[in-house]
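Construct all of the structure, not just a fragment, from the sequences and the given hints.
Letter by letter, the chains look like this.
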Amino acid sequence: MTRATSLVWIDYAVMVVYFVFVLGIGFALKRYMRTSTDFFLSGRSIPAWITGLAFISANLGAQEVIGMGASGAKYGIATSHFYWVGAIPAMIFVGIFMMPFYYGSRARSVPEYLKLRFDEKTRGLNAVSFAVMTVFSSGISMYAMGKLFNLLLGWDFNFSMIVSALIVLGYIFLGGLTSAIYNEVLQFFLIVFGFAPLVFLGLRDVGGWDGLKAKLAVVSTANGYAPTALTESWRFMDAPAHNPIGVEWFGLVMGLGFVLSFGYWCTDFLVVQRAMAADSMAAARKTPLIAAVPKMFFPFLVILPGMIALAAGSQAAAPIRAAQAGQRAEARQEGTQARAGEANDAASTNTVGRGIIPPKINEETGQPARDSRGNVVLDYDLATPMMLVHYFPSGMLGLGLTALLASFMSGMAGNVTAFNTVWTYDIYQSYIKRGATDEHYLWMGRAATVFGIALSVAAAYVAASFNNIMDLLQLVFAFVNAPLFATFALGMFWRRTTGHGAFTGLVAGTLAAALHHGLTLSQGAVAGIKGGFLGVAKTYPSELGQTFWTAICAFTTCFVVSIVVSMLTRPRPDAELRGLVYSLTPKPEEAHVEWYKRPAALAIAVLVLTVILNIIFF
Amino acid sequence: MGLDIRLPIGGMFATVGLMLVVYGAATGGDAALYERALGVNINLWWGIAMLAFGLVMLALGRRGAKSPEGVRPAEDTPEGRATEEREHREGLERGH
Chain A
0 MTRATSLVWI
10 DYAVMVVYFV
20 FVLGIGFALK
30 RYMRTSTDFF
40 LSGRSIPAWI
50 TGLAFISANL
60 GAQEVIGMGA
70 SGAKYGIATS
80 HFYWVGAIPA
90 MIFVGIFMMP
100 FYYGSRARSV
110 PEYLKLRFDE
120 KTRGLNAVSF
130 AVMTVFSSGI
140 SMYAMGKLFN
150 LLLGWDFNFS
160 MIVSALIVLG
170 YIFLGGLTSA
180 IYNEVLQFFL
190 IVFGFAPLVF
200 LGLRDVGGWD
210 GLKAKLAVVS
220 TANGYAPTAL
230 TESWRFMDAP
240 AHNPIGVEWF
250 GLVMGLGFVL
260 SFGYWCTDFL
270 VVQRAMAADS
280 MAAARKTPLI
290 AAVPKMFFPF
300 LVILPGMIAL
310 AAGSQAAAPI
320 RAAQAGQRAE
330 ARQEGTQARA
340 GEANDAASTN
350 TVGRGIIPPK
360 INEETGQPAR
370 DSRGNVVLDY
380 DLATPMMLVH
390 YFPSGMLGLG
400 LTALLASFMS
410 GMAGNVTAFN
420 TVWTYDIYQS
430 YIKRGATDEH
440 YLWMGRAATV
450 FGIALSVAAA
460 YVAASFNNIM
470 DLLQLVFAFV
480 NAPLFATFAL
490 GMFWRRTTGH
500 GAFTGLVAGT
510 LAAALHHGLT
520 LSQGAVAGIK
530 GGFLGVAKTY
540 PSELGQTFWT
550 AICAFTTCFV
560 VSIVVSMLTR
570 PRPDAELRGL
580 VYSLTPKPEE
590 AHVEWYKRPA
600 ALAIAVLVLT
610 VILNIIFF
Chain B
0 MGLDIRLPIG
10 GMFATVGLML
20 VVYGAATGGD
30 AALYERALGV
40 NINLWWGIAM
50 LAFGLVMLAL
60 GRRGAKSPEG
70 VRPAEDTPEG
80 RATEEREHRE
90 GLERGH
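In order, the protein sequence lines correspond to chains A and B.
Letter by letter, the first sequence follows residues 0 to 617 in numbering that gives the first Met the number 0.
Letter by letter, the second sequence follows residues 0 to 95 in numbering that gives the first Met the number 0.
Some hints here could point you the wrong way.
The list that follows gives simulated cross-link-like pairs (lysine to aspartate or glutamate, EDC-like), each with its CA atoms no further than 20 Å apart [claimed, not checked]: (1) A:Lys-537 / A:Asp-204; (2) A:Lys-29 / A:Glu-438; (3) A:Lys-596 / A:Glu-575; (4) A:Lys-596 / B:Glu-78; (5) A:Lys-29 / B:Asp-3; (6) A:Lys-586 / B:Asp-3; (7) A:Lys-596 / A:Asp-278; (8) A:Lys-29 / A:Asp-437; (9) A:Lys-212 / A:Glu-231.
Hints were generated in silico from the structure; no laboratory data involved.
Below, the structure written as structure tokens:
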């Protein structure tokens, strides 16, 4: 293998140091895991700054680091919408308005809140769908990691997956949620330290932001958009055809900004669990707000590398070709030398890769994959990894790859801790074995960790054909999360909502999502997993546009059905809903706290900063 | 809980930082290695940054570990400050 894809001892040494600390944390925390609350909820004793960083790190798995880099290359700075429109508002909302219910109700999980607020069947539906979704998320992380390290470094796909699965299993089994949280915070700093130099070097190489704008203008016009379509996030949101995302501002704001993002941040137990581990109500409310601050600036760390990859030098063609040699059998090795020469000439045109992003290779034919219009499909997921290989010397390369590895493992860990909690409390304790000792449930939690990981590995082998992980996850979330947020919003803010209403709303919403997906297709896609399996009633300009509208459909259906059915069924008496509904819950006592320390002040500061960022990159 | 998180974080970054500083210093003369980093000895400089960060974290972690778990100085919480202020106002402090 050539220089670009081979690691030297220092790179491996950095990785080993990381693994040692990760497992060491697990061992060190084992003795504090005495009760099931310790294991699943860290004994509700973690300070706000840690839960805040864990909150954002739990979310920062493969889909963020790789997916955002890929989206940055595909959509340009408009990808920041996923952050500034699609995350910050929802994080503020969950911190200020929903945490009092999650934390105050003493629910041990999101499904448990549903049981307290509604009834058993609503909890059951949410628990089962969440458990399945979280296992798939974990599997996707693992698959993406295995594929990446195979492509980049030639590591055996199965080997890297199994080894990382075992390490994650090790530290969660020992230290439970606390171990996951500590490692997530570690991973957060690793990502910052691993990627900041990449952005620094990359920007320096392409000539700063202005140089990047100029280079991307070339790419943009070559793809048929206005020159600044990749470097201005709002200006071209008037119509799907004008921007690379292929969606208009309404679909973006409602689908992504409201339904999908609120659906995720407000109801996904993976992140909410971190806030539930906080040591006080104030800490729980501040957790998402504290998390919002680094979240705001992450676009510069994860999106920019993708954009720079599109613009960076074409001299890197040779290592790219050699990297892909690892993907094929040894017999083909001789062929790569000839191809390297060919790629050197072709790299600056758009028939074989662009910038330092290689084309996606069709595995059967060994040729670049092409879409239905005959254009070469770029392997966008390789944008960020290629950046690491392109700019980092040995040493830093080890750090960058360790940061990548850490983000994958942390994604898995977050999903597994959420899974083992929901399984133990919401499925096992509720339906299979009630009234057992706490020790038994602690044991069950550990067992669930083992089979949760095993199931994730199985899910990893079920691979999807999207060339961008973000798209697939957005679709899955649309099916499950979009109706969920309607249920929670109604449950928390309208006391008239009943259990029957919530349940039927959820079912209707999910069916609506499936129906919408089945009846629509995006341009250039083949009917099947991408939609249109019931016939094509409408074609969207892009997959993301289709996904956003699926989410809007699901949310609206759930909302309407829930209201209608609730009006037809009997609600629970107010006394039972105290502390679970906004109008029946006393507001948190804040008179003695200085104004600048109140959650609301932090929320406003975050909002103002976000608006400013949006304006700068308009 | 129990283990201050700043200790393992500090420990890891100090270790990795030190490793990169040494490696960066040792390979400083290798121009081919740093050509891809635009000639910057990123190992050395960033290693120093990480080492500094790691040491700061370790220091903060050690200082946090000195006070017993759950007990915080009065100035840290609004209730504590209110109590201090009341004690002072009512002359309840020793040696007042």
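Hint check results:
Restraint check: the Cα-Cα separation between A:Lys-537 and A:Asp-204 comes to about 44 Å, which exceeds 20 Å; the hinted pair is violated. For the hint linking A:Lys-29 to A:Glu-438, the alpha-carbon distance of about 15 Å falls within 20 Å, and the restraint holds. Under the criterion of a C-alpha separation no larger than 20 Å, the hint pairing A:Lys-596 with A:Glu-575 is inconsistent with the structure, at around 32 Å. With a C-alpha separation of about 14 Å, the suggested pair A:Lys-596 and B:Glu-78 falls inside the 20 Å cut-off, and the hint holds.
With a C-alpha separation of about 14 Å, the suggested pairing of A:Lys-29 with B:Asp-3 holds against the 20 Å cut-off. Of the pairs offered as hints, the one joining A:Lys-586 and B:Asp-3 is violated, with about 33 Å between alpha carbons and a cut-off of 20 Å exceeded. Of the pairs offered as hints, the one joining A:Lys-596 and A:Asp-278 holds, with about 16 Å between alpha carbons and a cut-off of 20 Å not exceeded. At most 20 Å may separate the alpha-carbon atoms for a hinted pair to count; A:Lys-29 and A:Asp-437 meet this at roughly 17 Å.
Under the criterion of a C-alpha separation no larger than 20 Å, the hint pairing A:Lys-212 with A:Glu-231 is consistent with the structure, at around 9 Å.
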